[in-house]
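Asker: Here's the letter readout for the chains.
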Amino acid sequence: MDREQVIKALKDSGKWGHKYSFWVVYFCTGCGIIEIPPVITSRWDAERFGVIPVATPRQANLFLITGYVSLKTLRAIIRTYEQMPEPKYTVGFGSCPINGGMYWDSYNTIKHLDKYIPIDGWIAGCMPRPEAIFIAVTHLWTMIDKGMADAYKKYREQYKYYRRNQEMVLGELEWPPLYPIDEDE
Amino acid sequence: MVILLIVGSIVIGFMVGVLFLGFSRKIKARIHWRYGPPLYQPIIDIVKLFHQESVSHGFLFDFGILLSLGGAIVTLLFIPIGNIVPLHGSGGLLVVLYLMLIAPLGIALSSVEAANPNVSIGISRKFILALGYEIPFLLVALSVMTNYGTTSFVEIVELQRASHWGIISMPLSGIALLLILPVMMGMKPFDQVGAPQEISSGPEVEYGGIYLALSKIQHIYLIFIDIALFVALFMGGGSEPLTFFMKMLPIFLIVLLISTVYPRFRIEQAFNYCIKWPTIIAFLGLLLVIWR
Amino acid sequence: MLLECTLLIGFGGAFLVYLLGKISARVRDFFAILLSVVLVVLVSLMYRTPGIELTYFSFLDYPLRLKMDWISWFFGIAVVSINLFAMIFSLSDMNHKKRVDLFYLLMLLVNAGMLGVVFSGDLISFYIYWEIMSWSTFLLISFKKEGWSAGLKYIILSIIGSFSMLVGMLVIYSQLGTFNISAIMEQMHTLSPGYIFSTLLLFSISFGIKNALMPLHTWLPDAYTESESPFSAVISGMLTRMGIYGFLLILFVIIGLGRYLEVGSGGYSFILSWLGAITIIMGTFIALLQNDAKKLLAWHGIGQGGYMILGIAYGSSLAVAGGIFHTLNHAIYIVLLYFSVGAVEYRTHTRDLNSLGGIIKKMPIAFMGALLGISGLIGVPLTNGFVSKWLLYKSLILNHSPFLAFAALIGTWGTILSVYKFLHNMFLGQLPEKYSNIKRAPFSMQFPIIVFSFTIILFGVLPGIPLNIIGKMMENMGFASMQVNIWGIVTEMGTLNTVNIFFAIILVVFGIYILYRIGFRSKRVTQEDTYAAGHPAPRDKYAYTSEFYAPLFREMKPIFREWVSIFFEKIVKFGGTLSDTIRKIYVGDLGTYVLYIVLFLAFLLILRMGWNLW
Chain F
2 MDREQVIKAL KDSGKWGHKY SFWVVYFCTG CGIIEIPPVI TSRWDAERFG VIPVATPRQA
62 NLFLITGYVS LKTLRAIIRT YEQMPEPKYT VGFGSCPING GMYWDSYNTI KHLDKYIPID
122 GWIAGCMPRP EAIFIAVTHL WTMIDKGMAD AYKKYREQYK YYRRNQEMVL GELEWPPLYP
182 IDEDE
Chain W
1075 MVILLIVGSI VIGFMVGVLF LGFSRKIKAR IHWRYGPPLY QPIIDIVKLF HQESVSHGFL
1135 FDFGILLSLG GAIVTLLFIP IGNIVPLHGS GGLLVVLYLM LIAPLGIALS SVEAANPNVS
1195 IGISRKFILA LGYEIPFLLV ALSVMTNYGT TSFVEIVELQ RASHWGIISM PLSGIALLLI
1255 LPVMMGMKPF DQVGAPQEIS SGPEVEYGGI YLALSKIQHI YLIFIDIALF VALFMGGGSE
1315 PLTFFMKMLP IFLIVLLIST VYPRFRIEQA FNYCIKWPTI IAFLGLLLVI WR
Chain S
8 MLLECTLLIG FGGAFLVYLL GKISARVRDF FAILLSVVLV VLVSLMYRTP GIELTYFSFL
68 DYPLRLKMDW ISWFFGIAVV SINLFAMIFS LSDMNHKKRV DLFYLLMLLV NAGMLGVVFS
128 GDLISFYIYW EIMSWSTFLL ISFKKEGWSA GLKYIILSII GSFSMLVGML VIYSQLGTFN
188 ISAIMEQMHT LSPGYIFSTL LLFSISFGIK NALMPLHTWL PDAYTESESP FSAVISGMLT
248 RMGIYGFLLI LFVIIGLGRY LEVGSGGYSF ILSWLGAITI IMGTFIALLQ NDAKKLLAWH
308 GIGQGGYMIL GIAYGSSLAV AGGIFHTLNH AIYIVLLYFS VGAVEYRTHT RDLNSLGGII
368 KKMPIAFMGA LLGISGLIGV PLTNGFVSKW LLYKSLILNH SPFLAFAALI GTWGTILSVY
428 KFLHNMFLGQ LPEKYSNIKR APFSMQFPII VFSFTIILFG VLPGIPLNII GKMMENMGFA
488 SMQVNIWGIV TEMGTLNTVN IFFAIILVVF GIYILYRIGF RSKRVTQEDT YAAGHPAPRD
548 KYAYTSEFYA PLFREMKPIF REWVSIFFEK IVKFGGTLSD TIRKIYVGDL GTYVLYIVLF
608 LAFLLILRMG WNLW
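Residue numbers (the numbering used here), protein chains in the order written: chain F, 2 to 186; chain W, 1075 to 1366; chain S, 8 to 621.
Check the hints yourself; a few may be wrong.
Said to hold, decoys possible - List time: in silico DSSO-like cross-link candidates among lysine-lysine, alpha-carbon distance up to 27 Å: (1) Lys548/S to Lys369/S; (2) Lys1350/W to Lys16/F; (3) Lys154/F to Lys116/F; (4) Lys441/S to Lys369/S; (5) Lys155/F to Lys530/S; (6) Lys12/F to Lys1290/W; (7) Lys1290/W to Lys16/F; (8) Lys548/S to Lys73/F; (9) Lys530/S to Lys580/S; (10) Lys530/S to Lys369/S; (11) Lys160/S to Lys1350/W; (12) Lys369/S to Lys161/F; (13) Lys9/F to Lys1100/W; (14) Lys160/S to Lys580/S.
What the hints assert, rightly or not - Residues on chain F that point at chain W, a partial pick, calculated with CB under 7 Å: (15) Ser22; (16) Asp46; (17) Glu48; (18) Arg49; (19) Thr57; (20) Ser71; (21) Pro86; (22) Pro129.
If you are wondering where the hints come from, they were derived from the structure by calculation, not from laboratory data. Quick reminder that beta carbons are idealized off the backbone N, C-alpha and C, glycines included.
This is chain F alone, in the form it adopts within the complex (with noise of 0.2 Å):
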């Protein structure tokens, strides 16, 4: 760390500390988590970015979606979705969630993952490689320098388009409202 940095983390600690401890909640959506293990371990050693796994939602700030979203899936990423706490991100990782991939017409999984939770950023590829992730998380810290991380407000701004599209897949969700919903617009 030299004095540049210094400044600027004391001026803004929590720009700074949101930049450089990703805690990555671990949650394998399909093949795509087999890149995780090698990226977290001696190989690629992602803890020299502060990025760790965690076991629970409520202490993660990042969220990875690796690989394709089945409908059973979704269910589970919404959830835990909602349940971590803000401010959050969200990576999809691989083809499969940007636009179907390899499973664009099976008739159960998702093709749109931003539909149903609000995306910061996408790793294109079947499969990335795991430096694909570094390049993702330093990508991730200018965007949160600069402010443009903000898709977990855009969550809350239009939960309703959100929420309608979740129950359109899934039919009626088993908890309440994250947000208040105006019914009436």
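Could you slot chains W and S onto chain F? The hints should help.
Answerer: Below, chains W and S alone, put in the same frame as chain F:
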């Protein structure tokens, strides 16, 4: 003056604890052939957690975590860090034995209000483990108090300085305490309480943001207290804080190296470990003290 | 004058309340409370006048005497205060139950009997009041239909104890020719060591049964569990501790400290202390295995009784002070705990620890009572239990008895485990659907809980208040005076300053609270919004309560069993088998009986001949 001492020891305890934690992450990474996070990574984590939102499950959820950290800090105030002992005339080692129980009790009260079975399992494991390590630990503490004929912490340290270290006059008790130190600190082979893979980090399941930060700080203090106990009881304390920390470092390293190479035990195995060899050694140590 | 009045009002008022109950329930309730308040006032008025002794009645020219010293006053005020709050508690607890008049009568009789026991100045009165107390207790334990066998168990052991005491009294009388306690005290030195030992043993059996010392404890768990909650509070808080009063009387007043420590050249004190230590360990660890809230507390009652016995039997100044202070503290927190359980049982109609849960949201006051109660039971610093245990440990350690100290300390850790299970399974965790509509306890239940909670903190932060009186008691019993001031204890062996700890904790918690407010405000969520691996939490039974310490239980169950009960059951079984064998003689065949007679005559004949058959 007392207020100054109190604030001083709180700050020093925190800084040294954080340094140890950062150091441990770095060393662990080097053993794994990794580069590892910067030394100040725990501070970044705590700062981040303070800036994050959190959920609360009720009054006890808030109160318990405050109580827990308060208990940990008050325990710290009784332990002589070098020549800094803010509360030296208020009870001594017996009070410390009891105060060390407030911190886990606070966590136990707070986290359980989240109505999550993972928490209950974690707390149940915590208490089983506590019973396991308290049996040898109490024997060790009793042998120290019997040997020096006092329950005052300051006097124990002074008596050691007058003759020689406790580990020389009571070798068996010292070894027993060293054997259960990883269990008391909840380091790797004995981290069943917050096992992330089995019970989703146990009592911390519903902690986020400030709650997690306070819980982590509490854990930092507890690690500091456990090592400081060993140094004060068996390694003659220190005439000033710096020597004290120098003595703490090798003890921490031993525990750390053990924790890096061992996988997690099951809870029965941990309990059986505690009540087998450490207890036998501590018992022999107590007999040795009485016999002399 | 005040003394006789108090006893007269105590006994007379009990029957008056019973008669008034026949007229109107409201009048009866009012008078029961009034009587209890009057008794509290009367006993408090005696604060200034300890040290008196008087004859109140002569029976066949034998003077029956009352005494009033600091020991009597200390136990007396505890008895009447607990009785008052138990009466207040039973106002709503006994509502809509049958035979309430009888219940009130017996409660007040027990209370008056205990007062009589602590005020007696001679052994005859002591015995009479002791019996009144025991028999009313028997009726109260078997008040409910389920309590019948528990009551029988109690009264059988109690009768054994009474006879033992009676024989002990006769031993004293045969040697000294008097029952008057102060006269016995003066002449005690004329007794030979053998007589002292036999007196001590006989009285110890009696008081050990009352105080549930380990081999004599079998009556207690069922008795505590099966009685009504207010009476559970009284019996655990004070009635069982009449055994402690008895021990104080026999050990330090009648026999005297010096002579007691010499019995068997210290062996008696040693054995009694170790019995206390075993009681602590077995009591608290068997409590860990219980699933009934009241039964768990009952086993703790046994275990905590061990602390008192250990302190008193050990005989050093600090240990005895600790033992006496623990008697008071135990009374306060165990009464509080029984009140909390009673309040929960009143609303939920169960005390099964496996089916309750999450009631904190519905009954916060009962939870507060339970929390402070268990803190006292553990001896968390700043609650009252801590100070008495500290005195005890300190004395044991510095007098070089580390193994006794170890037994006492490890008992504390067993306590933590079991009371946490008690608190968790009842109040914390998920609230089952069927309890989502329960209301708070009525005010007459909450009021005693609040008062006792406050007392726990008060005596924990300012232990000097009761220790002051205990110091005077100790001087009565021939100990050196204690250095007590309002904030703690100063001894030559070290000090305890609870006020310092109190302010340190307040300061630190306040500091952390500020830190906590700096961070973002947290969002309040319901118990359904909890982590369940990405799924909505199940509505019911999403809790970990049954077999709470399962891995530990597997290790403990073979060791911590009720060995004494098992032994008694074995004896009963053996007796049954023996009787069955003997019964086989009666075959019902006339010829066989004739054969018996002939054989018997032949036997007699041979006996007469002096075994000279040839």
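Asker: Each hint needs a verdict: does it hold in this structure or not?
Answerer: Hint-by-hint comparison with the structure:
no.	hint	in the structure
1	Lys548/S to Lys369/S	18 Å, holds
2	Lys1350/W to Lys16/F	50 Å, violated
3	Lys154/F to Lys116/F	15 Å, holds
4	Lys441/S to Lys369/S	12 Å, holds
5	Lys155/F to Lys530/S	19 Å, holds
6	Lys12/F to Lys1290/W	24 Å, holds
7	Lys1290/W to Lys16/F	20 Å, holds
8	Lys548/S to Lys73/F	24 Å, holds
9	Lys530/S to Lys580/S	63 Å, violated
10	Lys530/S to Lys369/S	21 Å, holds
11	Lys160/S to Lys1350/W	40 Å, violated
12	Lys369/S to Lys161/F	34 Å, violated
13	Lys9/F to Lys1100/W	24 Å, holds
14	Lys160/S to Lys580/S	17 Å, holds
15	Ser22	4 Å, holds
16	Asp46	4 Å, holds
17	Glu48	5 Å, holds
18	Arg49	5 Å, holds
19	Thr57	5 Å, holds
20	Ser71	22 Å, violated
21	Pro86	4 Å, holds
22	Pro129	21 Å, violated
Of the numbered hints listed earlier, those contradicted by the structure are 2, 9, 11, 12, 20, 22.
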